[in-house]
Each structure stands twice: as structure tokens, then as C-alpha cells.
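Chemist: Below, each chain spelled out in residue letters.
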Amino acid sequence: NAGVTQTPKFQVLKTGQSMTLQCAQDMNHEYMSWYRQDPGMGLRLIHYSVGAGITDQGEVPNGYNVSRSTTEDFPLRLLSAAPSQTSVYFCASSPDGNYGYTFGSGTRLTVV
Amino acid sequence: GQQVMQIPQYQHVQEGEDFTTYCNSSTTLSNIQWYKQRPGGHPVFLIQLVKSGEVKKQKRLTFQFGEAKKNSSLHITATQTTDVGTYFCAGHGGSNYKLTFGKGTLLTVNP
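Keeping their order, the protein sequence lines are chains A and B.
In terms of my numbering, the first sequence has 109 at position 67, counting the first letter as 1, and numbering is strictly consecutive.
In terms of my numbering, the second sequence has 21 at position 19, counting the first letter as 1, and numbering is strictly consecutive.
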């Protein structure tokens with residue numbers, strides 16, 4: 043099993059550009075989520091999904107969209123990138139959202 | 003909203019010394035989880051505690067969940083250089099689907 047796979051690993055965007063961060067898991071987990079990690083801020087929840095077709099907002103959802111068309115995939119879309127979105131983004135999955143999360147290796151995003 | 007606070011923010015120890023990090027929640031938790039993140043890496047799940055007063059051990063690591071289910075601690079006995087990293091606690095409060103992380107404790111170990 044590959045676990046949770048995130049692509050790309052690194053990305054540089056210009057302000058105003060849009061892009062999609064990809065996340066895929068092969069563990070048949072129902073729950074998937076996106077976190078951002080900033081120095082001194084810990085991990086903050088952006089969006090999460092409890093199953094295909096169901097998504098909800100986390101702590102810091104503004105500027106991001108998600109969709110969950112399949113159990114395996116949970117892409118994160120940046121609509122119009124801003125320098126404040128410079129961060130490391132982690133995708134995580136869990137069997138039911140209650141037990142331990144498996145994290146991907148992260149995407150380091152810089153917005154200039 | 004739910005807040006999870008973790009102290010200390012940093013801890014530097016000599017190899018062989020013990021280390022403890024503490025986690026406190028503003029609300030009662032249904033469970034608490036602990037993660038370790040090596041420098042440049044991603045968080046890795048260590049353990050989950052569910053019951054009031056629960057204590058679990060993993061080799062040199064001891065995890066405790068408070069009686070009121072609002073606080074937790076991680077104690078490492080006789081630290082090694084392989085213990086270096088940031089240790090995060092994370093808790094589920096009212097919603098089982100929102101896992102709130104503390105800001106973590108960065109442990110460095112001097113060999």
C-alpha cells in the first residue's frame with residue numbers, strides 16, 4: 043500500500059493563479075482532510091470529508107475549495123492564490139475520522 | 003471553538019535525560035491522539051487514548067489521559083537522538099470529524 047500520496051511536493055505560484063493540490067489514498071478510508079502547517083501555528087484544518095460526495099469546512103476554509111467524487115481522491119483547489127497561502131499542506135485520511143490519521147508527505151507551496 | 007494548548011513550545015535535553023510535554027483542552031475530549039513529526043517530515047500517528055485516566059506505554063514513551071478528559075501528557079524516559087522531532091497532541095471535541103491539533107513541542111537532543 044502506498045498510503046496517502048500527495049502531488050506535487052513543491053510548487054511556486056504567482057499571486058492570483060489557481061491550482062489544485064492532489065491527494066489520493068489506497069486504504070479505503072472514508073475520512074479525508076486537508077491541513078496547513080505554518081511556523082508557530084501548528085496544524086490547522088482547512089476542509090474535511092466523511093465520505094464520497096460529502097465535504098465540510100474546517101477552521102481556515104477561506105480561499106480553498108474541495109470535492110470528493112470518489113473514496114480515493116480528495117483534491118484541494120486554490121481559487122486565486124495569495125501570499126498568505128504560502129504554507130505546507132498536508133492531506134490526511136482515517137478509517138472513520140475518529141481513529142489515528144495517516145498523513146501524506148506534504149506539498150510545500152510558495153505564493154509570490 | 004475548541005482549543006488545544008501544548009507546553010512547552012521547545013525543549014532541549016541531553017541524551018539520557020527524560021522529557022515531558024503537556025496538552026490541555028478548553029473542552030472535554032472524546033479521545034486524544036499523539037503524533038511525531040521529524041524535521042522536514044510529516045506527522046506520524048503514535049497512539050490514541052480514549053478512556054478517562056488511561057495510561058499507555060510504547061517502549062520508553064508513556065502516554066496519559068487525564069481523569070476529566072481535558073488534559074494529556076507524553077513522557078519519554080532516557081531520550082535518544084532518534085527522539086528528535088516535534089510532538090503534537092490532537093483532540094476530538096464535540097465533533098468527531100474535526101481533529102484539533104496543539105502547536106506542538108519541539109524536542110532536540112544533545113548527544
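Note that these hints are calculated values from the structure, not bench results.
Every residue gets a Cβ at the ideal spot worked out from N, C-alpha and C, and that includes glycine.
A portion of the hints provided could be inaccurate.
Quick partial rundown of chain A residues pointing at chain B, CB under 7 Å, derived from the structure [what the hints assert, rightly or not]: (1) ASN70; (2) GLY84; (3) LEU85; (4) TYR90; (5) PRO137; (6) GLY139; (7) PHE145; (8) GLY148; (9) VAL153.
Chemist: Could you run down the list of hints and mark each one as holding or not?
Modeler: Hints and how they fare:
| no. | hint | result |
| --- | --- | --- |
| 1 | ASN70 | violated (17 Å) |
| 2 | GLY84 | holds (4 Å) |
| 3 | LEU85 | holds (4 Å) |
| 4 | TYR90 | holds (6 Å) |
| 5 | PRO137 | violated (12 Å) |
| 6 | GLY139 | holds (5 Å) |
| 7 | PHE145 | holds (4 Å) |
| 8 | GLY148 | holds (5 Å) |
| 9 | VAL153 | violated (21 Å) |
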